[in-house]
Amino acid sequence: MVSVCFYFQVHQPVRLRPYTVFEIGKSNSYFDEQKNREILDRVAKKCYLPANAIMLELLDKHPEFRVSYSISGVALEQFMRHEPKVLDSFKELARTGRVEFLDETYHHSLSFVYSKPEFIEQVRLHNRLIRNLFGKSPQVFRNTELIYSNEVAAIAEKKVFRNTELIYSNEVAAIAEKMGYKGVLAEGADHVLEWRSPNFVYKPKGARKISLLFKNYRLSDDVAFRFSERSWSEWPLTAEKFGNWISKANGNGNIVNLFMDYETFGEHQWPETGIFNFLKKLPEEILKHPDNGFATPSDIIRTHKPVAEVDVPRLVSWADVERDLSAWTGNSMQQSALQQIYSMETAVKSCGDAKLIEDWRMMQSSDHYYYMCTKWFADGDVHKYFNPYDSPYDGFISFMNILNDIRERLKKAGEEKAMKAALNAAIG
Amino acid sequence: MKVLMFGWEFPPMNTGGLGTACYGLTKGLSQNGVSITLVLPQAAADTGRFGFLKIRNANISNVKVKPVKSAMVAYMSPSDYEQYMLKMKGRKSIYGQNLFEEVERFARQAAIIAKEELGEKGEGFDIIHAHDWMTYKAGMAAKRVSGKPLVVHVHATEFDRTGGLGANEYVYGIEKEGMEKADAVIAVSGYTRQKIMENYGIPESKIRVVHNAIDKDDIPWIGSLDHGKSSGSTKTVLYLGRITLQKGPDYFVAAAKKALEADPNIRFIIAGSGDMEPRIIEKAAELGIGHNVLFAGFLRDEEIHKAYRMADLYVMPSVSEPFGITPLEAVMNQTPVIISKQSGVKEVLKHCLQVDFWDIDQMANKMVAALKYGEMHSELQRNSYEEVSKLSWSKSAQGCIEVYSNVIGGMRTGW
Numbered sequence: 001m002v003s004v005c006f007y008f009q010v011h012q013p014v015r016l017r018p019y020t021v022f023e024i025g026k027s028n029s030y031f032d033e034q035k036n037r038e039i040l041d042r043v044a045k046k047c048y049l050p051a052n053a054i055m056l057e058l059l060d061k062h063p064e065f066r067v068s069y070s071i072s073g074v075a076l077e078q079f080m081r082h083e084p085k086v087l088d089s090f091k092e093l094a095r096t097g098r099v100e101f102l103d104e105t106y107h108h109s110l111s112f113v114y115s116k117p118e119f120i121e122q123v124r125l126h127n128r129l130i131r132n133l134f135g136k137s138p139q140v141f142r143n144t145e146l147i148y149s150n151e152v153a154a155i156a157e158k159k160v161f162r163n164t165e166l167i168y169s170n171e172v173a174a175i176a177e178k179m180g181y182k183g184v185l186a187e188g189a190d191h192v193l194e195w196r197s198p199n200f201v202y203k204p205k206g207a208r209k210i211s212l213l214f215k216n217y218r219l220s221d222d223v224a225f226r227f228s229e230r231s232w233s234e235w236p237l238t239a240e241k242f243g244n245w246i247s248k249a250n251g252n253g254n255i256v257n258l259f260m261d262y263e264t265f266g267e268h269q270w271p272e273t274g275i276f277n278f279l280k281k282l283p284e285e286i287l288k289h290p291d292n293g294f295a296t297p298s299d300i301i302r303t304h305k306p307v308a309e310v311d312v313p314r315l316v317s318w319a320d321v322e323r324d325l326s327a328w329t330g331n332s333m334q335q336s337a338l339q340q341i342y343s344m345e346t347a348v349k350s351c352g353d354a355k356l357i358e359d360w361r362m363m364q365s366s367d368h369y370y371y372m373c374t375k376w377f378a379d380g381d382v383h384k385y386f387n388p389y390d391s392p393y394d395g396f397i398s399f400m401n402i403l404n405d406i407r408e409r410l411k412k413a414g415e416e417k418a419m420k421a422a423l424n425a426a427i428g
Numbered sequence: 001m002k003v004l005m006f007g008w009e010f011p012p013m014n015t016g017g018l019g020t021a022c023y024g025l026t027k028g029l030s031q032n033g034v035s036i037t038l039v040l041p042q043a044a045a046d047t048g049r050f051g052f053l054k055i056r057n058a059n060i061s062n063v064k065v066k067p068v069k070s071a072m073v074a075y076m077s078p079s080d081y082e083q084y085m086l087k088m089k090g091r092k093s094i095y096g097q098n099l100f101e102e103v104e105r106f107a108r109q110a111a112i113i114a115k116e117e118l119g120e121k122g123e124g125f126d127i128i129h130a131h132d133w134m135t136y137k138a139g140m141a142a143k144r145v146s147g148k149p150l151v152v153h154v155h156a157t158e159f160d161r162t163g164g165l166g167a168n169e170y171v172y173g174i175e176k177e178g179m180e181k182a183d184a185v186i187a188v189s190g191y192t193r194q195k196i197m198e199n200y201g202i203p204e205s206k207i208r209v210v211h212n213a214i215d216k217d218d219i220p221w222i223g224s225l226d227h228g229k230s231s232g233s234t235k236t237v238l239y240l241g242r243i244t245l246q247k248g249p250d251y252f253v254a255a256a257k258k259a260l261e262a263d264p265n266i267r268f269i270i271a272g273s274g275d276m277e278p279r280i281i282e283k284a285a286e287l288g289i290g291h292n293v294l295f296a297g298f299l300r301d302e303e304i305h306k307a308y309r310m311a312d313l314y315v316m317p318s319v320s321e322p323f324g325i326t327p328l329e330a331v332m333n334q335t336p337v338i339i340s341k342q343s344g345v346k347e348v349l350k351h352c353l354q355v356d357f358w359d360i361d362q363m364a365n366k367m368v369a370a371l372k373y374g375e376m377h378s379e380l381q382r383n384s385y386e387e388v389s390k391l392s393w394s395k396s397a398q399g400c401i402e403v404y405s406n407v408i409g410g411m412r413t414g415w
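Chains as they are written, first to last, in our numbering: chain U, 1 to 428; chain V, 1 to 415.
Keep in mind that the hints are not guaranteed to be accurate.
Stated by the list, open to error - Taking lysine-lysine and the BS3-like style, the derived pairs with C-alpha atoms no more than 30 Å apart in a straight line are:
id : chain 1 : residue 1 : chain 2 : residue 2
1  : V       : 395       : U       : 375
2  : U       : 116       : U       : 411
3  : V       : 372       : U       : 412
4  : V       : 306       : V       : 395
5  : U       : 412       : V       : 257
6  : V       : 341       : U       : 375
7  : V       : 350       : U       : 35
8  : U       : 411       : V       : 372
9  : V       : 257       : U       : 411
10 : V       : 395       : V       : 181
11 : U       : 26        : V       : 283
12 : V       : 341       : U       : 26
13 : U       : 35        : V       : 372
14 : V       : 216       : U       : 375
15 : U       : 355       : V       : 372
16 : V       : 372       : U       : 349
17 : V       : 121       : V       : 2
18 : U       : 375       : V       : 390
19 : U       : 375       : V       : 350
Keep in mind the hints are simulated off the structure, nothing from the lab.
Since the model is a prediction, treat every value here as computed from it, not as a measurement.
All chains, full assembly: derive it from the sequences and hints.
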């Protein structure tokens, strides 16, 4: 029996506009409304709407079919505001009862690496939004500081948690377990799995109840990256061929985790490549083998016991060939930007200005740091997807100018506070 | 392979880094085993920065320099010529009448030299290579008498030099004829190739891009690279180039004014000379930033590299720059650069800041940011140095050799 587990990542950041040094202290308008809407509109038309329609069709046609999504809070907010049709189509998928939504950080941030309190707050924010929109996880969470373990343990149990960019280590599992999750997803990188197959359920080192699902990156990347690659020896990839590859996992595992960006369908792989027809035919081809089926991460965790413990002491992600954090933290601009944004945390959270806190959180989206990546930049590489900048340096300049404006706002807020306090003291 | 090459070097005319590029390519070709007879006007051969003396000192083998005697240089040194050009300002042409006479004379001499060089067996050279319009007539004459194929190398077009305003018909005519009669055209960038196609009607298949380069040993030894930057709170932004319309000095000064509003601790240095110099000095004073903008005059040799090195940032705001070697020189002196998007060099230099020459707000924004954000400054410094270190004149020369081989083999298509 092989269960295919689809999980698709849906995320669009709120991109920054070219904010100049001359605006610092003068303008609080940070985001490129027009560009963000243009991109959202394009991706909705090219990917989200047609892909969701196909998924609904497939769920209707095949009672065995299952699929799961992780949608960032930042993306959901934008759907609510500008693309309600997209949100409705996800709700329709949710109503089938065979579509699972995962939790992640609301702002698609690297907060786990830089601030655990912020990380937990963002996960909680996300959990609440998903619950409100899709009617799952009916528990209430409140924003409080520091005493996280007690409170977050109340997070609904039957949830699977996926960290930003599949960033994972033993510590992620430990926190997720404390937060009450049943499972965590991670990249099935060679240096993590070594000789092991990603086609089994594992247990994080040191965990008691939580399970670990690894991405089968070969099969996932065959679709996500190689589908239209004409120089690839397997091109063209048909649903029949891919179905056979999945069946081959029989006897060498019981799950196949296909994790990828949802934008694979129609955006990274254009409709002309035949990606939608591939998607339409795939369940049928997979089900041709009587032992094959579909499952969501929660289904798998319920039905499969971990076969072994896997130790992941260092952070692993699904980015680039390195599968590490270097796409976001590899150069000194990125390190400095991250260090500075998180060093403001205490001041931001105590300023009492909700708009400022929200702006600060929007600045945490991993995308902003990804755009600053200089790795392979000269070779004109990949980090260009949905990238609003011509160069990593332009991305850094806008980011830092805005960060300095936030800093000035903080200073002003602090001064006002002090003034009020002084005034109160004087009045007695 | 043997090449008969026609070069030219007078300081006012070396737009597009003609002298630097000729020298670099000659060196690179020689390193790749190509023999060159380099025909130059006498002045260039004797005194040019990249002329005969430098080639002899650089120990380049297989290169023979043939000076052509000229009437003009007998009474006119390069700096006299510059004065002459300044006097010509306001007249319709940016070129003196003598220059056109000189070009014609050079072409007549070229025919004689080509015949001599060809030898009785007709094996003295395999191909003719001519750099920019001043030598195209010479190249065509050499082709006529020898029957050997001609490659013309476009370092700049009349449209770059004049900023699109009032292109000289005579010069344009020579450029167009040269490109048409040539068996292949080499462009210093994709940017220039586009202009050649648009303005001269030359088909893309006939044009091959060979980017200019820089060699580490082109940078003179003036002490360790990590010395020279100002340590105080005042930062230096450098403009280095001719002060002419094409190079965009007016945009530089306007951006300087804007940048000083955000950071008054910046010093701007303008190094170079040219017909717009008085106007730019006036403009700086008008804008009230006279004390922040220093004019260093025309720099030579080591002075140039010292200027790059003491600067914290180099800006090339050109209105139209077919290539632009100066940013590469700045980078090799560990100085980050802002370059105009209207340039060819951006095709080989990615680790830099780029702006549209007319976008003064962004130019000022990026100037201030480059000085303000140290982590970006050092990333730019390190990454651009690494990137530019991979370039070499030898590699560029290999591009030329491919063109030669294709032309000689009669395969003009499929590049």
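How the hints compare with the structure:
{"no.": "1", "hint": "V/395 x U/375", "in the structure": "holds (24 Å)"}
{"no.": "2", "hint": "U/116 x U/411", "in the structure": "holds (25 Å)"}
{"no.": "3", "hint": "V/372 x U/412", "in the structure": "holds (22 Å)"}
{"no.": "4", "hint": "V/306 x V/395", "in the structure": "holds (27 Å)"}
{"no.": "5", "hint": "U/412 x V/257", "in the structure": "holds (28 Å)"}
{"no.": "6", "hint": "V/341 x U/375", "in the structure": "holds (22 Å)"}
{"no.": "7", "hint": "V/350 x U/35", "in the structure": "holds (24 Å)"}
{"no.": "8", "hint": "U/411 x V/372", "in the structure": "holds (20 Å)"}
{"no.": "9", "hint": "V/257 x U/411", "in the structure": "holds (28 Å)"}
{"no.": "10", "hint": "V/395 x V/181", "in the structure": "holds (27 Å)"}
{"no.": "11", "hint": "U/26 x V/283", "in the structure": "holds (29 Å)"}
{"no.": "12", "hint": "V/341 x U/26", "in the structure": "holds (29 Å)"}
{"no.": "13", "hint": "U/35 x V/372", "in the structure": "holds (27 Å)"}
{"no.": "14", "hint": "V/216 x U/375", "in the structure": "holds (24 Å)"}
{"no.": "15", "hint": "U/355 x V/372", "in the structure": "holds (27 Å)"}
{"no.": "16", "hint": "V/372 x U/349", "in the structure": "holds (27 Å)"}
{"no.": "17", "hint": "V/121 x V/2", "in the structure": "holds (14 Å)"}
{"no.": "18", "hint": "U/375 x V/390", "in the structure": "holds (16 Å)"}
{"no.": "19", "hint": "U/375 x V/350", "in the structure": "holds (12 Å)"}
Of the numbered hints given earlier, the model fails none.
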